[in-house]
Amino acid sequence: MSSGICFHFSLPLGEFNLEIDTEIPGQGVTALFGRSGSGKTSLLRCIAGLEKPPLAFLRFNGEIWHDTGQGLFVPPQQRSIGYVFQEGVLFPHLRARENLLFGFKRTPKLQQIESLQRVVDLLGLHNLLQRYPYQLSGGEKQRVAIGRALLNNPRLLLMDEPMASLDRSHKKEIIPYLECLHRSTNIPIIYVTHDPEELVRVADRLLLIEAGRLVAQGALEEMMARVDLPISRDYDAGAIISARILEHDEEFHLTRVGFKGGELTIAAIDQPVGNSIRIRIHAKDVSLALDPPGPTSILNILPAQVMEMQAHGRGRMVIRLEVGGVPV
Numbered sequence: 000m001s002s003g004i005c006f007h008f009s010l011p012l013g014e015f016n017l018e019i020d021t022e023i024p025g026q027g028v029t030a031l032f033g034r035s036g037s038g039k040t041s042l043l044r045c046i047a048g049l050e051k052p053p054l055a056f057l058r059f060n061g062e063i064w065h066d067t068g069q070g071l072f073v074p075p076q077q078r079s080i081g082y083v084f085q086e087g088v089l090f091p092h093l094r095a096r097e098n099l100l101f102g103f104k105r106t107p108k109l110q111q112i113e114s115l116q117r118v119v120d121l122l123g124l125h126n127l128l129q130r131y132p133y134q135l136s137g138g139e140k141q142r143v144a145i146g147r148a149l150l151n152n153p154r155l156l157l158m159d160e161p162m163a164s165l166d167r168s169h170k171k172e173i174i175p176y177l178e179c180l181h182r183s184t185n186i187p188i189i190y191v192t193h194d195p196e197e198l199v200r201v202a203d204r205l206l207l208i209e210a211g212r213l214v215a216q217g218a219l220e221e222m223m224a225r226v227d228l229p230i231s232r233d234y235d236a237g238a239i240i241s242a243r244i245l246e247h248d249e250e251f252h253l254t255r256v257g258f259k260g261g262e263l264t265i266a267a268i269d270q271p272v273g274n275s276i277r278i279r280i281h282a283k284d285v286s287l288a289l290d291p292p293g294p295t296s297i298l299n300i301l302p303a304q305v306m307e308m309q310a311h312g313r314g315r316m317v318i319r320l321e322v323g324g325v326p327v
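So the sequence shown is residues 0 to 327, counted in numbering that gives the first Met the number 0.
Take these hints with a grain of salt, some might be off.
With a cut-off of at most 27 Å between alpha-carbon atoms, the simulated DSSO-like pairs for lysine-lysine come out as follows [said to hold, decoys possible]:
| id | residue 1 | residue 2 |
| --- | --- | --- |
| 1 | K171 | K283 |
| 2 | K283 | K170 |
| 3 | K259 | K283 |
Simulated restraints on C-beta separations [to be verified]:
| id | residue 1 | residue 2 | range |
| --- | --- | --- | --- |
| 4 | V73 | P229 | 19 to 27 Å |
| 5 | E86 | E321 | 35 to 43 Å |
| 6 | K259 | E307 | 15 to 23 Å |
| 7 | L253 | L71 | 51 to 59 Å |
| 8 | P229 | H181 | 36 to 44 Å |
| 9 | R167 | L71 | 38 to 46 Å |
| 10 | G36 | L253 | 36 to 44 Å |
| 11 | L71 | R96 | 22 to 30 Å |
| 12 | D20 | Q129 | 26 to 34 Å |
| 13 | H181 | G273 | 39 to 47 Å |
| 14 | R315 | P271 | 36 to 44 Å |
| 15 | M306 | L128 | 49 to 57 Å |
| 16 | L289 | R315 | 39 to 47 Å |
None of these hints come from the bench; they were simulated from the model. Just so you know, these numbers come straight off a predicted model, no measurement behind them. Ideal Cβ placement from N, Cα and C applies to all residues, glycine included.
Could you put together the complete structure from these sequences and hints?
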């Protein structure tokens, strides 16, 4: 696909070599997922041009950025890439507004795709503009860092575990803005994470990396439903379902959603009826029964078909179900 991102890198990384050869779409959010130390950040740095592997090929939307066979290397500053690091790296002597404008002012007007006001609105930065970095929380710093990357007018946005240094409350603060960014921009994003919850909220496609190797790749929902992958063996394994909000029950603080396989009742969420959402169903929250249970407090009881079973260690079985043709 000429509009995609094609890359092949071979890079020694101590205990193993990074050896990845693949192609991904030139739109949406592609997540690089794997355990810490699996090579995700090194791969991202190769794409950015911050690492120069002895063997490399990188083509972005038909343009060759790196080809060791031809001795071709486009420097990072000429790749039109935005890079968001694990911690919000801001200039400490500049206010948030000045940090945002640092790259924007250096971009020719004809190339200024994003406007300051749009980015401020998108990331909810209005009340932060006059603050210095030391006056910002971790989540606020990251929002400013993301805004600065967008105002550099990148053709590709790379995000290296942007929430890794945040506690749970600050992660909850920034996730809605990442979802909004996903919906509101056409810039392809490559997003590094080892947190399944982040995948649910921001990713379209998943590249699963283990010890420098690409284990599998595909659409997020398909990948999360596979029982043969390492991700299904984790304690917090689960499936992802795309659904639409049907109704809010304000009395009992519940929300009813519909998906291809039926309907579910979940804890209330603050989104309007009709919105599309993703739901993550944790494997540990699912019980199986051969017959419909009697009176129970369980809110969601759905007919399902067992499609696949795999043993993972002693006394542990991973089971893939389908509900109305939807894998769960």
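To see whether the hints hold, each was checked on the structure:
no.: 1; hint: K171 - K283; verdict: holds (22 Å)
no.: 2; hint: K283 - K170; verdict: holds (23 Å)
no.: 3; hint: K259 - K283; verdict: holds (22 Å)
no.: 4; hint: V73 - P229: 19 to 27 Å; verdict: violated (34 Å)
no.: 5; hint: E86 - E321: 35 to 43 Å; verdict: holds (42 Å)
no.: 6; hint: K259 - E307: 15 to 23 Å; verdict: holds (19 Å)
no.: 7; hint: L253 - L71: 51 to 59 Å; verdict: holds (57 Å)
no.: 8; hint: P229 - H181: 36 to 44 Å; verdict: violated (25 Å)
no.: 9; hint: R167 - L71: 38 to 46 Å; verdict: holds (44 Å)
no.: 10; hint: G36 - L253: 36 to 44 Å; verdict: holds (41 Å)
no.: 11; hint: L71 - R96: 22 to 30 Å; verdict: violated (39 Å)
no.: 12; hint: D20 - Q129: 26 to 34 Å; verdict: violated (48 Å)
no.: 13; hint: H181 - G273: 39 to 47 Å; verdict: violated (18 Å)
no.: 14; hint: R315 - P271: 36 to 44 Å; verdict: holds (40 Å)
no.: 15; hint: M306 - L128: 49 to 57 Å; verdict: holds (52 Å)
no.: 16; hint: L289 - R315: 39 to 47 Å; verdict: violated (20 Å)
Checked against the numbered hints given earlier, this structure breaks hints 4, 8, 11, 12, 13, 16; the rest are met.
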